[in-house]
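Asks: Take the given structure of chain W and dock chain L to it, following the hints.
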Amino acid sequence: MKLGKTARNKVLSLFSLFFFYGAFAASDSPKTESESDNHGAVSSEAEISEYILHHIKDAHDFHLFSYNDSEGHRKHIGFPLPVIVYSSKGFRTFMSSEFHHDDSGHHVVERDGVSLVKYHEKIYELEEGAHGVEFDEQHHPTNAHAVLDLSITKSVFGFLLVSLLMLFAFGRLAKQYKKQAVPTGFGRVLEPLILYVRDEIARPNIGEKHYRRFTGFLMTVFFFIWISNLLGLTPLGFNITGQIAVTFSLALFTYLITQFSGTKDYWKHIFWMPGVPVPMKIILAPIELLGTLTKPFSLMIRLFANISAGHIVVMSLISIAIIMKSTLGAAGATVLSLALSFFLTLIELLVAFLQAYIFTMLSALFIGMAVEEHDHH
Amino acid sequence: MTIPNLVGAGLIVIGAGMGLGKIGGSAMEGIARQPEAAGKIQTAMIIIAALLEGLAFGALFLGK
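So the sequence lines, in the order shown, correspond to chains W and L. To convert, note that position 275 of the first sequence is 275 in the numbering used here; the numbers rise steadily by one, no gaps. To convert, note that position 9 of the second sequence is 9 in the numbering used here; the numbers rise steadily by one, no gaps.
Honestly, the hints are just simulated from the structure, not real lab data. Certain hints may be false.
As the list claims (entries may be wrong) - Only some residues are given here: those of chain W computed to face chain L with a beta carbon under 8 Å: (1) SER49; (2) ILE52; (3) ARG172; (4) ILE301; (5) ALA305; (6) ILE358; (7) MET361.
Said to hold, decoys possible - A few chain W positions that, by computed beta-carbon distances, are all more than 10 Å from chain L: (8) GLN259; (9) LEU293; (10) PHE297; (11) SER298.
Stated by the list, open to error - 16 Å max Cα-Cα, derived EDC-like pairs, lysine to aspartate or glutamate: (12) W/LYS89 / W/GLU127; (13) W/LYS268 / W/GLU373; (14) L/LYS40 / W/GLU200; (15) W/LYS89 / W/GLU45; (16) L/LYS40 / W/GLU191; (17) W/LYS175 / W/ASP199.
Keep in mind it's a predicted model, so treat the numbers as computed, not measured. Beta carbons: idealized from backbone N, C-alpha and C, even for Gly.
Chain W on its own, in the form it takes in the complex:
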């Protein structure tokens, strides 16, 4: 069956996606914003917006909730993830729990002669002899430098989880088709979705002749985005498709596939548009060339902005319980925020599917434009 091949393509795509994501996550510049030390403690409006921005960003651990115990100490509940960094003295690995939930660069972790601190979810290596990180006016560390961070962060963990889930579910389904025509179990849920992507997205947009080549990629992208979006609605706090690095690599794949499968006609229409006067051809060529780049760029921004905006709005509505407590009372504020965030979460369920659909649909449309054969008359 064709699905076996699809599964293989999927594994390949996911591995390369993972590779790109790792490379991208490590090359971010430090953010310039002030942050208080009590990570997770929320009481005022300023802290709420800080907390929401913290949630949107990738993190080195899962942070579920915090509370003050009877002695007034701040307790954080969550679970750590492995930190893998390439420092000036080679690779160092340890669990993120060694930072003790410190995100302000004060807690130093010593590992075989390398001192590491975490500041705004970026890991810095302290210079020789330094005992604590110091910052200049722009909140850039002065006595520490960034390291190549290959850690299994929250998003990488989610990424791997989605990949394994898909590999398991679709691998099982593909195996079932070798024995019987009708799948059993969870495969019955997946089959109509697969047929939907093939018959409603790939076939009409790419065309009867070529659609089979691209169905594997489109299906991978569709299910990856959809499952990631749905995972983002769980209380674990995943925000995989809200990371611009993830959407960048997804859009990059669409871009590369579109360009490499472009026919002679496609390139002719970019560089030497037929049917228009020569001066116009010269003006059109750079515009058309830029057009090939803006398409994946808009794919990247659309998914990133939609998912991030959704998360911010849901978190803001939940925060109503804290902000309105003084005016509405504890019960009134909770009921209001619960009602609003419940309905918004329902809308987000729709958005999760819609964004996966739109990304796949537009990818199919762009690929279809590239492989289309023009009949000259």
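Replies: Relative to the frame of chain W, chain L by itself:
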């Protein structure tokens, strides 16, 4: 966020809202006139809305 940024964001949202309203309104009219073509109109509507949304989000993102 500075005041020019916020004004710019507001202008973007006005533009995007007008565009989405036009798309939605025309699609509704089209569906009312030809209910049998509802599926096709809906697909085209979503694609155009997505393109518009990409443009608006791109502008918001660049202005951040």
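Asks: With reference to the structure, classify each hint as holding or not holding.
Replies: Taking the hints in turn, this is what the structure says about them:
no.	hint	in the structure
1	SER49	violated (11 Å)
2	ILE52	violated (14 Å)
3	ARG172	violated (31 Å)
4	ILE301	holds (5 Å)
5	ALA305	holds (4 Å)
6	ILE358	holds (4 Å)
7	MET361	holds (6 Å)
8	GLN259	holds (19 Å)
9	LEU293	holds (12 Å)
10	PHE297	violated (7 Å)
11	SER298	violated (3 Å)
12	W/LYS89 / W/GLU127	holds (12 Å)
13	W/LYS268 / W/GLU373	holds (12 Å)
14	L/LYS40 / W/GLU200	holds (11 Å)
15	W/LYS89 / W/GLU45	violated (43 Å)
16	L/LYS40 / W/GLU191	violated (23 Å)
17	W/LYS175 / W/ASP199	violated (22 Å)
Going down the numbered hints, you'll see the structure goes against 1, 2, 3, 10, 11, 15, 16 and 17, while the others check out.
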